[in-house]
Each structure stands twice: as structure tokens, then as C-alpha cells.
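Participant: Each chain, written out:
There are 2 protein chains.
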Amino acid sequence: MIGEIIAIGDELTSGRILNTTSGYAARKLFEAGHTIHAMSTIGDAPALIGEALLQAITRVDFIIVTGGLGSTDDDLTNEAVSRALNRPTMPNLDILAQIRTHLHGRSAAPDDPLEKLAWLPSGAEAFDPSAAIAGYQLVHDDTPIFFLPGVPEEMIDLLNRIVLPKLAAWQPESGLVTCQRIYKIFGVAESEVNRCISTLNLAPPIRIGYYPVFPDVHLSVLIRATEKDDSRTRFETACRRVETALGSAIYGRDNDELEAIVGALLKKSGRWLATAESCSGGLLAHRVTRVAGSSSYFVGGAVVYANRLKSELLGVDPDLIERCGAVSSDVAAAMASGIRERCRTDIGVAITGIAGPDGGTDAKPIGTVFIGMADGDNCRVTRCRFSGDRHRIQNLAVHTGLNLLRLHLQGASEGETETTADRS
Amino acid sequence: MIGEIIAIGDELTSGRILNTTSGYAARKLFEAGHTIHAMSTIGDAPALIGEALLQAITRVDFIIVTGGLGSTDDDLTNEAVSRALNRPTMPNLDILAQIRTHLHGRSAAPDDPLEKLAWLPSGAEAFDPSAAIAGYQLVHDDTPIFFLPGVPEEMIDLLNRIVLPKLAAWQPESGLVTCQRIYKIFGVAESEVNRCISTLNLAPPIRIGYYPVFPDVHLSVLIRATEKDDSRTRFETACRRVETALGSAIYGRDNDELEAIVGALLKKSGRWLATAESCSGGLLAHRVTRVAGSSSYFVGGAVVYANRLKSELLGVDPDLIERCGAVSSDVAAAMASGIRERCRTDIGVAITGIAGPDGGTDAKPIGTVFIGMADGDNCRVTRCRFSGDRHRIQNLAVHTGLNLLRLHLQGASEGETETTADRS
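Line by line, the protein sequences are chains A and B. 1 is the number of the first residue of the first sequence in the UniProt record's numbering; add one for each residue after it. 1 is the number of the first residue of the second sequence in the UniProt record's numbering; add one for each residue after it.
If we strip away everything but chain A, and leave its shape as in the complex, we get (with noise of 0.2 Å):
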């Protein structure tokens, strides 16, 4: 079914509050087989909420509004349905009698402005009459409307355990099976990844997404298939197509991570790692650390941001610090090697390179990275250069770091002629 979803909070359209809740429903109602056309996100305002919902009605099959059903003046949204749907408000009797032997325990106003949550528009069918969660459904000519609370934890109970069976109910014979496969790519820009998948003339039913995710490529692989059809099959064979198109350029698919691909790499390969890092200051080992069990195959590092701790944790020359400078091809070999003794590991990654703002020369803009990788004796650098800011230039440098490894763990040509030392 083809549905749309509406947001209603001034804190919202104030930019005050980040809007999650229409996120993770777009994403649950995808996996189920259903269309979202629009997603609207509207401040308190009745007349805007009402034009929203009867626009929605005239050109989707389902609707699903969030926020403003609570007790306080600016929850306007049963307001607005009255007047858009013309449907008056009435007491719920259910939910009145419960807020009254609530009310009762602590207060004796008869206008308590929690008996709001009682009135609701004409045809409302409450979720849980117990009022303990807001919300309700109306079909509105033969559109159902799902209306349910902005609080996060309590709009995805209601969406999983109410929302989602009864929109299955609804048409059951039109629900599409989803089969979706995300390929995650880095170190081939966009538009190559494009050309490159483009000569696979993948046709409908199969559809190709293409995303930048920084610093990665995402690849989205995509049928709507119903079960009877040889959709499956046309979509395994699709992503076989793409897989040998990209090659080792993809690293992992859906929810993979490259810390994690890396480190299932080195674990399978029994050998062990250290890091040193001067201009990434320790990311790389944050990275490479983020994965549970990492101690099972990375000792640790030296954070090495002023030279003379090059030299004193590391070992590195002095004389050729002064000689090539921090930021070059053989102090960041000198690093790896460096590491790689002092931690007694099988491999030692190192990163020296100019972050900026400032430090960048006409020879070594700022940009510039050195990725050192010593394994056993053999030690190969690769000369990098990156744009944007700081915090760009330290998460590429440690990504490459990263991706570089991984190709050198899988033994891919692409790896190994991108990183010989003759290119610094």
C-alpha cells in the first residue's frame, strides 16, 4: 500500500528537536512491503494540520500521523481532524472513566486538562482504552488514519504491536515482498561506481540506488516482488552482477563496518596489530577498538603528535625526522616498523599526514597523508591527498588506513599497486 506520514510539533519545525520517529516508521512500513509517497512535518497549527491530512487522504492508501494528542494547550492535532474531517469531538467513555479514577486519587477538578485525552474526533477507535498511550484509527472515506503519540518509545510500541498487523489485515492480498541488499564502497567516487554499474543494464524490476554516505558509497540493490514471481532469483542474480562488477571496491553490505570487516579479517588470519598515529591522533585505534572482541587481535598504539615522540616511543631517527620531514613517505614507513617492534606485532599501521588549518606547505598541502603498513619485513607507504576540513581529513586518512589494510588482509591486486612506496 502507498502511504503517507505526518509529524505535528512546534518543537520540530523549530528545528529543536530532531525528527526520528518518522524515520524509523518510513523504514518499518518499507520492510513490510509498503510505499511512502511523502513524509510532512507540520508546527501546531490546525488549518495546516487539516490541509496536510485531507491532501494526503485524496492521493494515498494509508495515513500515519504523530504528536500533539497530549493534555497541554499546544497538543492541537484531535482539534484539527474535528474541523478538517468535520467529525465533532465526543468523550471516549472508556478512557474519561479511567483519567476520573486516576484523577480522583490526587485532584477533584472537574475540568482537569487531562480529560482532553478523552475527547476524541466522531469514529475514533482508540488503541488502548485504558489511556495509559494516546492514540487511535478512523477511516475516513475508506482511508485508514493512524494517529499516534510523538513520545519515540511510544509511537514505535504502538506502530509495531498495532499499526503494522492491522495494515497487513487491510489488503492482504497486495503485500509485496521487499528484498533489498546495500553494498558499502569506498574509494570510487559516486559517479564511477554509476558508470561502472550502468554497462549492467539491470532492468525493472530491479532498481539501483546510489547514495554518498561520507566517507562511503552506498549501492542500494532493490525488488518489490510478490512471492509467486522469480523475483528472488532475479534479485540474487542482480547482486552477483554488481558484486563482480565492483570487486574488492565493495568492503560490506547492509549493516557491515569496516573496523569490524577488518577485524574479522585479522582474526581469521591469526595475526596481530598495532597502530601509531600522529596528524589522526588516535582515531584509527578508536576505530579499530569500537569492535567487541578487538583485544583478541589489536594490542594498541602510541598517539605520536609531537615529533620527539616519534623518536621516543617509536624509535624513529631524529636525523631523518630533520632530514624528510614528520609528514613524509619514510618517516611514516619508519612508524610502522616502529610500532610494529615496540609492540612485538605481526602488523604495524601508521598515519603522518597535515589535518590544517594551518602546517600545509606548497610541496605538502594540507591534505597531504602518509599510510605506512610494515608487515613481517616487508613496510609499503601510500602518498594520499584529501580535501575538505580537519575533521574530514583525519576520518579519510583513518578510513583509508583502514581500507588499505583490509585489502592488504585479502591479498586484492587493487590494494597492493595503489600502495607501493614509490608512489610517496
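None of these hints come from the bench; they were simulated from the model. Being a predicted model, the structure only gives us computed values, none of them experimental. Treat the hints with care, since some could be wrong.
Pairs involving identical chains hold if they fit within one copy or between any two copies, as the list cannot separate such chains.
What the hints assert, rightly or not - Distance condition first, Cα-Cα at most 16 Å in a straight line; then the derived EDC-like pairs of lysine to aspartate or glutamate:
| hint | residue 1 | residue 2 |
| --- | --- | --- |
| 1 | Lys-184 | Glu-257 |
| 2 | Lys-116 | Asp-256 |
| 3 | Lys-166 | Asp-61 |
| 4 | Lys-28 | Glu-115 |
Please build the complex by placing chain B on the supplied structure of chain A, with the hints as guidance.
Facilitator: Leaving out everything else, chain B in the frame of chain A:
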């Protein structure tokens, strides 16, 4: 002025990517005195995009559209705008020349998909003719429409650098002035902050808002004022009362970052810092080195994930580790003193703990973290108990470490009483 924000992309309506840019834009526009009536999110469907645009033109003063400006097949914003507003796309010759110069280096294809970036709806004024970032402005029926990339960094850059100044110049006489200050608070629960501020009885037009922004609590003091009245004075008075009430629990305001606050304090005091990290795996050093210019107070440090490195790199007595455990007050103190001595700095900060998901015991459950701080001959250790998953514990440990360092450098009494070794 009254505006509307339209975000475009299947990755948003399918819930695959959370739309954070609309909320960011809404906040910045709100702070600049504008009001956002509605925010819409629409899939890659030209008809729906056009419909949303035409509707917005009739009801608001300006429109911001994000996403769908790239070179891939699913980037359809320009096509949709062209159709809906009856403005045929034409090549922007500056951008086209840039793309061809860029392509010349690597490809001779005359119909390269990158050239799509140069074809804009007629009347479009590109923000960046060097074509490094997509984005343009169009004035239709006297309504300025700003088309920005969906990539958050690029969108944020153009919004701040171009869109906000242009809007300010569009109707200079309109609008209220918004005074808003965000106080950033760490180490005090939201409900405690609320209780504390409630006693001040700050009344309208001063508006107070609380929101948890992990791991901080943000407190907003807001007034919307015309230049003529005394609102600015009232705003400053309210701010001073909030500052007095919360004292050193406030670590910064607005865009302040804790690591930058700590860096400024180190620089001011002329003291040098080194770090030693076990469970936080480099995140503390990373946070410190995110700050530009951190090399003037930070020399580096060690990530000592394996116990043997705690001894080899920091000189922690292996017997001490054996006797007390690597996660202990004594080892935290030895790590802090050790890194301070090895790196010959004034201050050494060390973090050792159990980030999980494994490794917890009854005596030291997951989330137990010891933070050591050695300054000269003094060494204090704080024992903490954090809850949540591995990432949350790592982040809380580092944020707490930075905050303890801030309080120490500020000589705040809160810090001293919290960080005595005997608490562990």
C-alpha cells in the same frame, strides 16, 4: 519570513537514511528569526516533487529544497523543477567548462553523466560555478527557492554561507530578533537541571527548554524580541541567573565543544597533556586532537589495550596488574603517572575500564571505569559506573575524563571532591 523545507530522496522515504538536514536547517532558520510552516520529505518522483513545490510557492515566503542534485540516474530534482515551473533546463556554461576540464584528464566521453550537473532549470543562479558543490537559487513568482545538496556537510556549508545571508537581505525590515543561548551541561541529570532552574521562576517572554543530547543536557534560554523593547536586557539577565544557578555544571554554550574548552584551559595554563587509554582505545586522544592547534598542549599518548603494553609502554608494574587487576584504581594511577613520565608532560590522564560486552564481574561489572589524573606529584583516580552498550560506555568514559580535566584545570571544588582516590 515564513518558509518551507522540502527534502528529496528515496533513501529518506524508505527510512534507510535518517533526514537530519531538514532539522538542522529548521533550527538555523528559527534562530535567524524565520518560521518554518512545514517540512516535507519526498521520494525520487518528479510528479510529487513538482506538486510539493507548487503548493509551497502559494503559501510561504521562501523554500529550501535539499537533495537530488547529483549526477546519478536517481537524481531528479532539476527535471522535476523544470517540469513543474515550466523552466526548460539549460547548460550553465561555467559549470560545463569546469566539468569538461576535469573530465579531460581522464576521459573523452562527450556524454559523461557528470555533465548532467551543468543542466539547470532556466533562471537558476548557481552558488558555486566551479561546480565543486551543486546548488542554486531560483526566484519564481517573487519567491526565492534555494536548491541545496542532500549531503549534510555540503548543505550545512551552503545554508550558513549563502542562504541565511541572502534571506537576511531579502526582507531586512521583517522579522523578530531571536535571542537564544544553549547551555551545555554534563554530569547532572536533566530532571536535576529542571528542578534547579524551576526555582528561578523565569517567566514569559523568557522560554526555557531542556533536551538531552547524549551525553550532555542542553538548556535553552530563548526570547523572541523586537529591537525596540527591553527584551535583550531581560534575556541577558535570565542567562546570568541560569549561569549562577548551575555554576560549573555548565561547561560551555552554543557551539562550544568540551575538548576545545579543555584545550583552551591547557593552553592558558601553559601545561602539557599526555593520555593513556585502555578501554577507550584512543578515543580520548582523538577527541583532544579534533581541536585545531592541539599540538600546542598535547604531545600524544599510548593506547595500551593489551596488559603487557601497560607495562612495556607505561612502566606499570606487572605484579600490580596481577594483584589489583588491569581495571583498578591503582593501575589507573600508575598509567596516568607512567604516561606523564614517559612523555615528560605536566598532566597525564588515563582511562581503564570494562566497556563490554564481555569481561564484567560481580565486583567490577561492565561499565566500571577508572579515570586517573596525574598532575605533578598529585594523582587522583575517579571510579565511575556507566550503563549502556560498548559505544556508550566508551563515549561516557572519555567525556567524563575530559570533564574531570576541565574541572581540575578550573580549580572547581566540585571536581576536587569527586576525584579523590579513596572513592575507588
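Participant: Now tell me if each hint is right for this structure.
Facilitator: Against the structure, the hints come out as follows:
In this homomeric assembly, Lys-184 and Glu-257 come within 16 Å of each other (Cα to Cα) only inside a single copy, at 9 Å, whereas the closest approach across copies is 31 Å. In this homomeric assembly, Lys-116 and Asp-256 never come within 16 Å of each other (Cα to Cα): the closest approach is 40 Å inside a single copy and 32 Å across copies. Taking CA atoms no more than 16 Å apart as the test, Lys-166 paired with Asp-61 passes inside one copy only; the shortest distance there is 13 Å, against 40 Å between copies. With identical chains, the CA atoms of Lys-28 and Glu-115 are never at most 16 Å apart, being 32 Å at best within one copy and 37 Å at best between copies.
In summary, the numbered hints that this structure violates are 2 and 4.
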